[in-house]
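Asks: Note that the sequence shown ends on residue 141 in this note's numbering; no numbers are left out.
You can trust all of the hints, since none of them are fake.
In silico DSBU-like pairs for lysine-lysine, Cα to Cα no more than 30 Å straight-line:
#1 K61 with K17
#2 K8 with K61
#3 K13 with K91
#4 K67 with K8
#5 K91 with K26
#6 K103 with K91
#7 K91 with K67
#8 K26 with K8
#9 K26 with K66
#10 K26 with K13
#11 K61 with K13
#12 K103 with K67
#13 K8 with K103
#14 K8 with K66
#15 K103 with K13
#16 K91 with K8
#17 K91 with K17
#18 K13 with K66
#19 K91 with K66
#20 K103 with K66
#21 K61 with K103
#22 K26 with K67
#23 K61 with K26
#24 K17 with K66
#25 K17 with K103
#26 K67 with K17
#27 K13 with K67
#28 K91 with K61
If you anchor each label on the Cβ, the simulated ranges turn out as follows:
#29 M116 with E9: 19 to 29 Å
#30 G122 with T72: 29 to 39 Å
#31 T113 with V21: 27 to 37 Å
Hint data in this document are derived by calculation from the structure and do not stem from the laboratory.
Ideal placement from N, C-alpha and C gives every residue a C-beta, glycine not left out.
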Amino acid sequence: MGSIKEYSYKPAPKFHNVHEPTKTYFGVEIEVENVGFVDKRPKNRSIRAAHDISSAYKWIYCKKDSSITEGFEMVSEPLSFRWMQTNKSQLIGLLGLARKLGLRSFEPGTCGMHVHIDGQGLIPTDRNQRGAKAPYQL
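Could you build the full structure based on these sequences and the hints that come with them?
Replies: The following block contains the structure:
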């Protein structure tokens, strides 16, 4: 079940949008530690959890992160703001599944969340300024 990729893994990007013309895309990385009890061996728990997550959410892949002891980071493919609004239930579902599998980001103290914004989204035009405010509007 090799569902946890190496840290250097970077697939060809698949841009997710809702047929809107945009140059602003967001990439989300959520670091998680496995504190659940699915399996008594932490590495097996993490591999199983990463497999379940990447199988259920095809726009997410999981990879190693040296700052995480018994977990991994969940990385999204590039997502437009409208895609995130339209698919909010998928974002919420991803977090719910992670929690159900015993993954935590806030309790261990070793995890965090990163949001990357495509550089095109930072060009100061009226259209792109809306994109730069997008994380606050979800």
